[in-house]
Amino acid sequence: MPASNPSRLFLSGNEAVARAVWESGCKVAAAYPGTPSTEMLEVISTYPEIYSEWSVNEKVALEVAIGAAFAGSRAFCAMKHVGMNVASDALMTLTLTGVIGGLVIAIADDVGLSSSQNEQDSRFWGRFAHLPVFEPADSQEAYEMTKLAFDFSEQHQVPVILRMTTRINHVKGLVSVGTRAEHPNLGGFKKDPARWVMTPAGAGRRIPLMFERDVALAAAAEVSPLNSVESGRDRRVGFVASGPTYMHVKESFPDAPVLKLGFSCPVPVEKIRTFAATVDKLIVVEEVEPLVEKELKAAGIACHGKDLLPKQGELAPNVLRPAIAKLLGEPAPEHLAPPAPVFPRPPTMCVACPHLGVYYTLSQIKNITISGDIGCYTLGAGHPWNALDTTISMGASMGIALGLDKGRGEADKDKRILAVIGDSTFLHMGMQGLLDIVYNRGNVTVLLLDNRAVGMTGGQPDPGSGRDIHGEPAPRVDFAKLVEALGVKKERIHVVDPYQLPVLFKAIREEIKIPEVSVIITDQPCVLIDDYKKQKPYEVLDAKCTGCGNCIEVGCPAIHVVRREKAIKPSGKEVELQFVRIETSVCTGCGLCVQPCAPDAIVPADPSKPIRLVKH
Amino acid sequence: MPESNVTNILVVGIGGQGVMTATEILAEAAIALGHDVKKTEVAGMAQRGGVVSSHLRFGPKVLSPQIMPGTADLLVAFEAAEGLRWCHYLKPGGLVLMNTAQIVPPVVDLGLYDYPPDPIAEIRAKGYRIHAFDAMKIALELGDVRLGNTVMLGAMADHLPFPADVLLEAIVKRFRARKPQMVELNQKAFEAGRTAEKAAAHAKETETA
Chain A
15 MPASNPSRLF LSGNEAVARA VWESGCKVAA AYPGTPSTEM LEVISTYPEI YSEWSVNEKV
75 ALEVAIGAAF AGSRAFCAMK HVGMNVASDA LMTLTLTGVI GGLVIAIADD VGLSSSQNEQ
135 DSRFWGRFAH LPVFEPADSQ EAYEMTKLAF DFSEQHQVPV ILRMTTRINH VKGLVSVGTR
195 AEHPNLGGFK KDPARWVMTP AGAGRRIPLM FERDVALAAA AEVSPLNSVE SGRDRRVGFV
255 ASGPTYMHVK ESFPDAPVLK LGFSCPVPVE KIRTFAATVD KLIVVEEVEP LVEKELKAAG
315 IACHGKDLLP KQGELAPNVL RPAIAKLLGE PAPEHLAPPA PVFPRPPTMC VACPHLGVYY
375 TLSQIKNITI SGDIGCYTLG AGHPWNALDT TISMGASMGI ALGLDKGRGE ADKDKRILAV
435 IGDSTFLHMG MQGLLDIVYN RGNVTVLLLD NRAVGMTGGQ PDPGSGRDIH GEPAPRVDFA
495 KLVEALGVKK ERIHVVDPYQ LPVLFKAIRE EIKIPEVSVI ITDQPCVLID DYKKQKPYEV
555 LDAKCTGCGN CIEVGCPAIH VVRREKAIKP SGKEVELQFV RIETSVCTGC GLCVQPCAPD
615 AIVPADPSKP IRLVKH
Chain B
37 MPESNVTNIL VVGIGGQGVM TATEILAEAA IALGHDVKKT EVAGMAQRGG VVSSHLRFGP
97 KVLSPQIMPG TADLLVAFEA AEGLRWCHYL KPGGLVLMNT AQIVPPVVDL GLYDYPPDPI
157 AEIRAKGYRI HAFDAMKIAL ELGDVRLGNT VMLGAMADHL PFPADVLLEA IVKRFRARKP
217 QMVELNQKAF EAGRTAEKAA AHAKETETA
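Which chain is which? The protein sequence lines are A and B, in order. When we follow our numbering, the leftmost residue of the first sequence carries the number 15, and every step to the right adds one. When we follow our numbering, the leftmost residue of the second sequence carries the number 37, and every step to the right adds one.
No wet-lab data here; the hints were simulated from the structure. All values reported here derive from a predicted model rather than from experimental measurement. Beta carbons are placed, not taken as given, at the ideal position from N, Cα and C, and that holds for glycine. Take these hints with a grain of salt, some might be off.
[To be verified] Partner residues are not named here, just some residues of chain A that face chain B (Cβ under 10 Å, in silico): (1) Thr-180; (2) Asp-228; (3) Arg-335; (4) Ala-351; (5) Pro-360; (6) Pro-571; (7) Ser-599.
Go ahead and model the full structure; you've got the sequences and the hints to work with.
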């Protein structure tokens, strides 16, 4: 029985990679949390043999891993796709130096945009940086390829990119695992400025070596067992597939021949040419970009790909089957029942989230433009606040706010510019942007929402938390001092409690009037971390509730409308009254909704009453 | 053909309801029986009140981790509107096990959208079978709203291609390792869910909607 075998575990792709990193004798692992990559470092942090850290951003995480690899140890770095945009400056020179100790860089592509601001194909980094790319198709392969990647990295002295997607990172499957083998440090750091110090002249001498390596990598890909042909009886179409698309192809067309690409960069063009000759039509199935397809076409190999398949999202069987049926001239698969139209359920801020008060306040202020950032507080763009005007990438709120200020047209002459950023985001990429605002005398009011965690990815610690990846005490950055050091005047820095709405409102109103940079720091922990202390819940006195709906504008998910009524105001205007109830089972007593309630209808809940669930 | 030997179970609900944990326990039961198992979630920012859908596939060999629309053997909905949202994933005439508790999102409270007036009737009108009962109420009566997912596991127990005891054993095993003081309560929740589902199935046959 497989289940009785303890070496067979039910692991997600992320957990499988972490296990393999440990088994491979890795010494140093670093990452910045980001869905769908986060769990790799979370699991690695449980292995005492590996030094692990949450770095402030992906570039620093990669640099830490590079240093360890230069020192002769095995090193690992993980990030989500957008993280590599941040880390790429280091990557593009790393490709010239290469490594000594094996270095594996796992990049998690959010195909289907479950929680990202774009959908990008990280296989391009392999092309761009002339690095090998391995692509696992399930948890077992994620485990095996990670181990192979360390060996390959050392053999060719090259970092290896492990390209994963959400359907690898977050799919659980059975994995046969092994045990950890100590891997010796490969002789320590050896001084070699010609290799490790990339001056223009030094880098220039390394570039030809990179091209030589390209030849070796291409040869390795052609013969790699990670690229394998599976024959099939139905030769009308043959597939080239990598990553999760391989599983989707096998599920959809069990009788078709498949060339599975596990080592997909450099593309094993000759292997695919040979395979193509054995089938009537060749179809390249790849998420997201037609990267292999274009390379095959350039090599004169006829194939289909994005002419049939979507250029966006996942290529699951329900997408593949009808597309290929069309190519074969077969009737489309049976018409399926359409989904029922049900209200959307977008993510929202948590009950009692300290950001609620900030966005409620911002939604009450007119004539402002708000530059937003990546994190939970991006949700401020949604209902009921509608209080964000831009969101591009992590840390970008700062520079964009300065640009909005400097580039304003006549129509925006009197608009106040605000930028909103979280603690982790500020430390990740926001600090430099704020420095730029200060240096270039921008007129921006910055709201630095310090909730002492990387909230959106699950409350991981950051240098603002006072804890490290293991939950151990760590120095906590003083944001007020930090922004003062960046040049913000001391009198323009305020630390406020975001649950004190009048104080917050006053601070924002005053600072937006002053034509220079101000920073308002809100300091309350994320409700999902241990630092958050629940208080007694509130309830609504039905007899006192006037249906004004002010409390709903706060946006707390614990407040529900139980009755709507039409009413005529003395002015003759018709209004809709919304009578509310608080879900006492989830209310944490933050008191935000109490403050805008004019009739004082929200009071501490009677503890003798049973907790109340709201049901319509 | 892999499809015909693979059981597809879709579990849906809202972040924080224990959808993923319930599916994990179901997966452990399937693993204990020697099946190949794959499990995947679409939980985009679900911790922030979003929709969670957890796909579980098991059989001799599972390839794609995703259940295709129109192929699920069983849909387990932890929330009424979510049952309606996902029912097209079922095979024609497939079965929905539904917790009738309604979790109303802010967009509905703000008056931007309406909560479907009768999700159960709508699901039936589409030709699916449905057994519905208030699992949240049962969990609260047992003293902890978090028992809701075990109640729903109990509801599934008689609709799986293996004996109910295997599932119960997976629950007990999990709690014995993590929270031994909760074993007995979860056993009760499991049986309560099983009983409630049977009653709901019976009621369905004796009355309409």
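Here is what the structure says about each hint:
Proximity of A/Thr-180 to chain B holds as hinted, the smallest CB-CB distance being about 9 Å (cut-off 10 Å). The beta carbon of A/Asp-228 is not positioned within 10 Å of any beta carbon in chain B (closest approach about 34 Å), and the interface hint is therefore violated. Checking A/Arg-335 against chain B: minimum C-beta separation of about 8 Å stays under 10 Å; hint holds. Checking A/Ala-351 against chain B: minimum C-beta separation of about 4 Å stays under 10 Å; hint holds.
Nearest Cβ of chain B to the Cβ of A/Pro-360: about 7 Å, under the 10 Å cut. The hint holds. Because the smallest distance between the Cβ of A/Pro-571 and any Cβ of chain B comes to about 6 Å, under 10 Å, the interface hint for this residue holds. Nearest Cβ of chain B to the Cβ of A/Ser-599: about 7 Å, under the 10 Å cut. The hint holds.
In this structure, only the earlier hint numbered 2 is contradicted, and the remaining ones agree with it.
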